[in-house]
Structure formats: C-alpha cells, structure tokens
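Chains Y, R and B are the protein sequences, given in the same order.
Using the numbering used here, you'd call the opening residue of the first sequence number 2 and step up by one each time.
Using the numbering used here, you'd call the opening residue of the second sequence number 3 and step up by one each time.
Using the numbering used here, you'd call the opening residue of the third sequence number 68 and step up by one each time.
Read the hints as simulated data drawn from the structure, not as lab findings.
Note that the Cβ used here is the ideal one computed from N, Cα and C, for glycine as well.
There could be a bad hint or two in this list.
Quick list of the computed label-pair ranges, beta carbon to beta carbon [unchecked claim]:
(1) Y/A245 x R/I86: 35 to 43 Å
(2) R/Y80 x Y/F46: 35 to 43 Å
(3) R/N77 x Y/D25: 53 to 61 Å
(4) Y/F156 x R/I130: 35 to 43 Å
(5) Y/L377 x B/W88: 37 to 45 Å
Derived list of chain Y stretches under chain R, where covered just means 3 residues or more per stretch with a C-beta under 8 Å from a C-beta of chain R [unchecked claim]:
(6) 112-118
(7) 240-251
(8) 302-311
Straight line, CA to CA, 20 Å or less: simulated DMTMM-like cross-link-like pairs of lysine to aspartate or glutamate [claimed, not checked]:
(9) Y/K35 x R/E150
(10) R/K78 x B/D111
(11) Y/K121 x R/D28
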Amino acid sequence: MSSVTLHDVRFVEPEGTRNYVTHDYGALSWLLTKDHKRIAILYLFSITAMFILGGFFAVAMRIELLTPEGDLLTSDTYNKFFTLHGIVMIFFFLIPSIPAVLGNFLLPLMIGAKDLAFPKINLLSWYLYMIAAVMGLYIIITGGVDTGWTFYTPFSTQYSNTHVFGVTFAAFIVGFSSILTGLNFLVTIHRMRAPGMTWFRLPLFVWAMYATSIVQLLATPVLAITLVMLMFERVVHVGIFDPALGGDPLLFQHMFWFYSHPAVYIMILPAMGVASEVVAAFTRKKIFGYSFVAYSSLAIAFLGFLVWAHHMFVSGISVYSAMIFSFLSYFVAVPSAIKVFNWTATLYRGSVALLTPMLYILGFIGLFTIGGVTGLFLAAIGLDVHVTDTYFVVAHFHYVMVGGAVMAYMAGIHYWWPKITGRMYPEWWARLAALLIFAGFNLTFFPQFVLGYLGMPRRYHAYAPEFQVLNVMSTAGASILAAGYVLPLIYLLWSLWYGRPAGPNPWGAVGLEWATSSPPPMENFHETPVVTWDAYDYPAMMKAMGETQNV
Amino acid sequence: MSDITLTGPAPEPHAHHPFLQHHFEDLGQQHEASTLGMWMFLATEILFFGGVLCAYWVYRIMYPEAWALAAEQQNKLYGGINTIVLIISSLTMALAVRNAQLGKRKATVGMLFATLIFGSTFLAIKSIEYWQHFHEGLFPGTHFTWNEVPALAPKVQLFMTFYWSMTGLHALHMVIGAGLLIWMMMRSWRGDFGPEYYGPVEIMGLYWHFVDIVWIFLFPFLYLIHGVHHG
Amino acid sequence: MADEHDYAPAHAPHIHVTPMWIYIAVFLALAAGTLLTWWVSTIDLGWMNTPIALLIATIKAVLVILFFMHVIHSTRLTWVVVIASFLWLGVLFVLTFADYLTRLWQIY
Chain Y
2 MSSVTLHDVR
12 FVEPEGTRNY
22 VTHDYGALSW
32 LLTKDHKRIA
42 ILYLFSITAM
52 FILGGFFAVA
62 MRIELLTPEG
72 DLLTSDTYNK
82 FFTLHGIVMI
92 FFFLIPSIPA
102 VLGNFLLPLM
112 IGAKDLAFPK
122 INLLSWYLYM
132 IAAVMGLYII
142 ITGGVDTGWT
152 FYTPFSTQYS
162 NTHVFGVTFA
172 AFIVGFSSIL
182 TGLNFLVTIH
192 RMRAPGMTWF
202 RLPLFVWAMY
212 ATSIVQLLAT
222 PVLAITLVML
232 MFERVVHVGI
242 FDPALGGDPL
252 LFQHMFWFYS
262 HPAVYIMILP
272 AMGVASEVVA
282 AFTRKKIFGY
292 SFVAYSSLAI
302 AFLGFLVWAH
312 HMFVSGISVY
322 SAMIFSFLSY
332 FVAVPSAIKV
342 FNWTATLYRG
352 SVALLTPMLY
362 ILGFIGLFTI
372 GGVTGLFLAA
382 IGLDVHVTDT
392 YFVVAHFHYV
402 MVGGAVMAYM
412 AGIHYWWPKI
422 TGRMYPEWWA
432 RLAALLIFAG
442 FNLTFFPQFV
452 LGYLGMPRRY
462 HAYAPEFQVL
472 NVMSTAGASI
482 LAAGYVLPLI
492 YLLWSLWYGR
502 PAGPNPWGAV
512 GLEWATSSPP
522 PMENFHETPV
532 VTWDAYDYPA
542 MMKAMGETQN
552 V
Chain R
3 MSDITLTGPA
13 PEPHAHHPFL
23 QHHFEDLGQQ
33 HEASTLGMWM
43 FLATEILFFG
53 GVLCAYWVYR
63 IMYPEAWALA
73 AEQQNKLYGG
83 INTIVLIISS
93 LTMALAVRNA
103 QLGKRKATVG
113 MLFATLIFGS
123 TFLAIKSIEY
133 WQHFHEGLFP
143 GTHFTWNEVP
153 ALAPKVQLFM
163 TFYWSMTGLH
173 ALHMVIGAGL
183 LIWMMMRSWR
193 GDFGPEYYGP
203 VEIMGLYWHF
213 VDIVWIFLFP
223 FLYLIHGVHH
233 G
Chain B
68 MADEHDYAPA
78 HAPHIHVTPM
88 WIYIAVFLAL
98 AAGTLLTWWV
108 STIDLGWMNT
118 PIALLIATIK
128 AVLVILFFMH
138 VIHSTRLTWV
148 VVIASFLWLG
158 VLFVLTFADY
168 LTRLWQIY
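Given these sequences and hints, build the entire structure.
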C-alpha cells in the first residue's frame, strides 16, 4: 500500500498517454459514448449553442426597448421573443447548465467512482435534450410561440395561434432529460462513493448536486403531467383549465408553479455548490460551517416546494392561502442567507487569490444577495400587488439567475477548465471578461428595479416616454454584457490549442478530482482511492507542502 | 491528513459475471443501484399520476353531483373484473421474481407469460370499455354527445376528460410494461437469471406492481363514486 | 448519514425469498378488498363513503408495496424514497387545497 501526498503525482499518467479525449477517435465514439466526461462535453456544446440563441432574443428585445414606441418588432413578434427567450434560457440553458456539464464531469471524480451509476441513461438524457432542442428550433423557425414561458391558460389552450402543442411537447421531453440526470446523480451519490468517502467528507458541490437532484426528480414530473393536460386541452378542446367549460385557470398555475418554483432552486443550488468549491480553493481554507452549508442545501430543496403560489398573489387565490405562502416564502430565504454568511466567514482571514473564478464568485455572492433580498420584497403580499408583473420582478430574477447562476457557471467553467481540457485559459483576458460581465450586468438590470418600481409593466414592447432614459441605460449595459460573454467563447476556444498545459492540480486545491491527471483518464483513477481526509483539508495539505503552491 | 492512500489494483473476481457492468465493483453494488434507480423512477411516476389526481380531486370537490352522475355512466362490472385481473397479474409477477431468485428458469418464464396474459386481458377489456363509451358519446371534445342531464353535461364532460386521460396514461404504461415483459421472457428463457443475478426481473416487478397500484386508486375514483340520488 | 456501504460493498445481491403463502395471502386480501370497496359503494353512508373507499385503496396499496414490492425487507433508503414521494404528493394536495377550500371564506 503506497502512501502519496496530493502534490505527488506518481499515480498520474505520464505525458502523452491516453486520456478520455484521446482514448478513442471518431464522431461515433463521442455520439455513442457512455463516459460521463464525454457526455459532459456534448452537453457543453449544446447548452452553449442554446445560450447564444436565447441571447439573440434578449438582444432583439433590448434594441426594441431603446424607444418607447413599438417600432422594431410588432406586438406579436415581441410576444414570441420574450416567450422564446424564457423557454430557451430556462429549459435549455439554465436548468441543465451546471448539473449536466460540471455535475456530469465532476461527480464521479469527486466521489472516487469510475462513472455514474447508469451511463447509458446518462447518454439518453443528452439525446432527449437534443431531440427537444431540435423540436424547439423547428418551432422557432416555423413561427414560434407567444404565450410567455409560463403558458398561462386559457390563452395558451384556447386563443393562441402559435405552436403551443409543439413547444409544450418539447418542454415535456427536456423535462425527462432533467429527471434522468437527477435520478442518476442520486443513485451515484448513494451507492458509488469510494471507500472512506463518508457523507461529511464529500465536497459541498456534491451536496449541492444531491439537493438539486432531489428537486429535479420530484418537481419535474408535475410539470410533465401539467403539460400533458395542456396538450390534451389544446388538441381535444376540453375545459380542464377553461372557465367557460367549468375549468379553473388557476389550477394550471398551481400545478405549473409547483414545478417552476422549485425549478429556480434547480438553477441556484448547483451555483451555490460551485461557490463553495471556489471559495475554499481561493482562500485556501475549509469552508466555515461545512455542515450548515450541507444541511442548508437540503433545506432549500425541501422548503422550495412549499412556496409556489407567491407567483399567484394577484391571480385570484384566496387571501388565506396567500398569507400562508407569503409566510413560507420568508422561510426559504433563511438557508440561502446561511450560505452567504458562511462563504463570507470563510473569506475572513483567508489567503484570497483574485483569480478569475474567484472574481466571478465574489460577484455571485453580492449579486445573489441583492437578487435574493428583492425576492423578499416580492414575498410581501402588499408590496407584491404593486410590483408584480413589472420590471421589478424581471430585475429580481435576472439578478439571481444571471448575476447568480450564470456567473457561478462561468466561475465553474474557468475553475475546472484545466481539469477538463488540460489547458489553462489566459488569465488577464478572463479577468477582463469577468469585469465586463459584472459591470454590464449591473448596468443592464439595476435600472430595471427602478423601472418596475415606477410602474413599467413587463412583457410590453411599448412604454410610457418617461421610462426611456432607464431603458437606454439598460440596453447600453446589455451591450457591455454581450461583449463580456463573447470574450470567453473566443479565448476558451483559443486555449484548446494555445493555452498553457495544466498539470493535475494547477490551483493547488484539495479534492479527488485534482488527484488525477488533466484531462483525466477514461476510467478516472488508475486505482480506487481510499479516502482518509476531510473535505477542504487545506491546513494539513499546506503543512505537508510547506506552503509552496503547486502550479 | 492530506495523503491519499491507494490500495493496490482491486482483486479481479475469478469468474467475471457476464452481466456485471464495468463501473460497478460487484454484482451486489449493481443490484442495489438498479433497484434504487427503479424506486427513484417510481417516485417520479407517483408525482406524475399524483398531479392529475390532484386536478381530479379539485374538480370532484367543486362538482360532487356531476362527478357522481358521471361515475354512474361507467361499467362497474368491467372495471371490477379488470381490477381483479390486474391483481392476479401482480401475483404472477411476484411469483416470477421469486422463481428467478430460486433459479427456476422455466417457472420464471411461465409466470412472466401469465403476467403478460392477464395484462393483455386487462387491455382487451379496457378497449371494449373505450369502444362502448365512445359510442355512447362520452369521449370529451367535439365527439361528446351525451346529454341525459343537460345541466350537468359540461361537468360530466370534464369528468370524462379525467377518465380518458388517466386510464389512457395507465393503459400506455401497461402497453410499455407488456413490451418489457416480453423482453424479460426472452432473457429468462436464455438463462440470464439466477440467485446471483435477478435484478432485471425484480425491477420489472417493481414497475408492474406500481402500475397495479395506480389502478387500485383509479377504480374507486372513476367507477365507485356514491352520491347520485335519483331513482 | 452513516451508511453500511461506506467500507464494505456487498459482493452478491442480498436475497430474501418470500414464502409462497405470504404472496397468496396478500392476493386474497387484495381481492377481498376489491369486493369490499365495491359493496360499500352501493350503500349510502353519506360523507363517509369517500374516506372509506380511500382507506381501503390505501390498505391495498400498502400491502402491494410491503409484500409484492418487498419493501418490508428493503433498506432504510428504499423506505425513505417511498415515504418521501407520497409526502411530496401530500404537499401538492395540501397546499393546493389550502387555496381551493378557503376561496369562499369571508375575512370579516
């Protein structure tokens, strides 16, 4: 039994030998792969493409909103654009992003396993995603959908003249992609941890993926059946949700939001997992309050199911149930706040390295806090009556989803880029992009809080002239944001050929994924690791290394 | 401790079981992973069917008279027979798993086949029911012509929407189950299963029993609502 | 969340073969339950018809889960998955009905 330290790379393959990329060649070896790392790369390509598509709709909307008149797009087209922006960004970008790319790649590595529990089902997840994406693309090209990503009835079932059936069917399919990923992760974490990898030695990213997977597993089926009922009503012309035939439109909203509220936790929990990893690595400290952070992930997953009707305060639910949901919505903020406190406490007296992943995560912590707190504004029924369906809501969810989840996704991509590709990205360009994104994001969305508070409704392409200055600021911000997003596309691609080769552990981080080569071999580890150390055991590692960083 | 302690290469089992997948350590881990996976899938199915059941119950509370009247239009005899048929198929499925555990190849195939027969009987009776209902004008939408109690007809149509969609989804799951049964029969006949490897038959059983449980609830909900007070 | 699988994975599947008589007994109980629920539905018990039908159906489902699906011999984790799914479904029902049942309440 040999004993090696983390920076002693004897067990890593020598230069030039095979890794998961060079293991096999040819398109079919990728399209029919069962390797979780290759499937993660397949997802990376797909969701990047969808992000660009969703971004196109956003750019068009922001250009339209430069002027108070609806002059660039007709009302119907504008309706289609905000609908498609929402559908593409939520279902085809945000929900898969961190789990399907980073989760797929890293989960088996982090727990010391050779692959996920069900590799073929993992591939099936990607194919379901692609089938849904192709359907979605076809629908976009042939006329799109104008119901809003929320598909509210009876407009979506009775009155809309667009491809409602097609898009809901595509959403139904991509939902199963999400369910299967969650199922795979749950079984993997329960049954495939390496010897010695107890629950409380797991990286917090794994806890985050576990909590996310619970939500994916239990919430998505309700969306699936809701969409089935919507499709049935649209095709057969019955009245499940149509008041004229005895149905209740609010029933659709209840069932839709039963999924769609927990869905936002599917988007943010993985981001919080990335935050924990990056904060630990770039302060070279254990995360303060590890068990609190772990348990708070589970608490968010559970509490997130109890608050959905705060999206329905003005729809016509009873005042009594509105009060219950408002009360519960305040509770769900608590575990998120606990995390923010713990990350902040970790930063205190840490050896902070302001490298790109850390810049993104510092941005994440601040922007997520703003977004989360404005969520509390919306959870107060009295205030919600005034700001619901205004740009205040739009700003709130963009702060948490873009300032939060997307920035954490960028942090994760940069942090694990050397592990995935074996190359370093160019640090100064990456920092520039991070700063552009941060500045552009705030200029885009902070004015929208003011706009909403002043009364500008959402989903309108024409607005009162007094709102123009803030809208122009927002569009200006969006152009900076777009530039910030284009930069990584360029330099990350560049790094694949010209980036500095990265060793197994360029950040000197603690974690099983850093204990194998970059890129990892097909089977992840040459020998099954036996874990005898705590998560983020930087103190012990630094003592053993005498403080020199292994880059 | 920041050291990674590596074991030597894991000892190779002397006879590598043909159905042991390479990313699992041994058949025990594989078995536990596959049964856990199937239970997680069934959790999604509970929420899937549960969702439409919630919608059904919202309207049942709102329109109790129409719901009872609509249930009167059902053929309780067919529904009752089907319930018994499905319960028998559950028994044969459980016995099939038992036979696989005991390594009884032909008995396993026999019980799987019996399950398939009873499942198909269910689907046949269901088809007859559907055909009759359709000709009574009880299919919702443009073909709905039932009008015995005009005041309640729209709500009866709403009930029928739930009846057709819930039993339709259930029947779809049974058709998929029948296909899986055929596949299991083929694998069983080939001699794939025995005491050390019977997982696929067990998870087939879990799926089939779940479909049975859905019907155990659908039968009273859709056929046995008491409450119509006309003579 | 200590778990017996942290250090020593099982080598072969853990087999529990249920005796035949248990399967037969459960089957007879299920058949009897079906006849019972049919019979009760023909009697007017007022508001009690619905809860009784639900109770019988639940007992039947529990028998299938415990014995046909072997949950009575399964791991704690299986129990957690089964219970959690019904619990989550319960959340959907309870909070949805919290709206529908209080719609007509007056504030004053």
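Hint by hint, here is what the structure shows:
The beta-carbon spacing between Y/A245 and R/I86, approximately 40 Å, falls within the hinted interval of 35 to 43 Å. The hinted range of 35 to 43 Å is not satisfied by R/Y80 and Y/F46, whose Cβ atoms lie roughly 52 Å apart. The hint said 53 to 61 Å for the Cβ distance between R/N77 and Y/D25, and at roughly 58 Å that hint holds. Between Y/F156 and R/I130 the beta carbon distance is about 39 Å. The supplied range of 35 to 43 Å therefore holds.
Between Y/L377 and B/W88 the CB atoms are about 59 Å apart, so this pair departs from the stated range of 37 to 45 Å. For the region 112-118 of chain Y, the proposed coverage by chain R is satisfied: 5 residues have a C-beta within less than 8 Å of a C-beta in that chain, meeting the threshold of three. With 6 residues having a Cβ less than 8 Å from any Cβ of chain R, the region 240-251 of chain Y passes the three-residue criterion, so the hint holds. A count of 0 residues in the region 302-311 of chain Y with a Cβ less than 8 Å from any Cβ of chain R is obtained; the coverage claim is therefore unmet, three being the minimum.
With a CA separation close to 58 Å, the supplied pair Y/K35 and R/E150 exceeds the 20 Å bound. For the suggested pair R/K78 and B/D111, the alpha carbons sit about 17 Å apart, so the restraint of at most 20 Å is met. As the CA atoms of Y/K121 and R/D28 are separated by approximately 18 Å, the hinted pair is consistent with the 20 Å bound.
The structure fails hints 2, 5, 8 and 9 (numbered hints given earlier, in ascending order).
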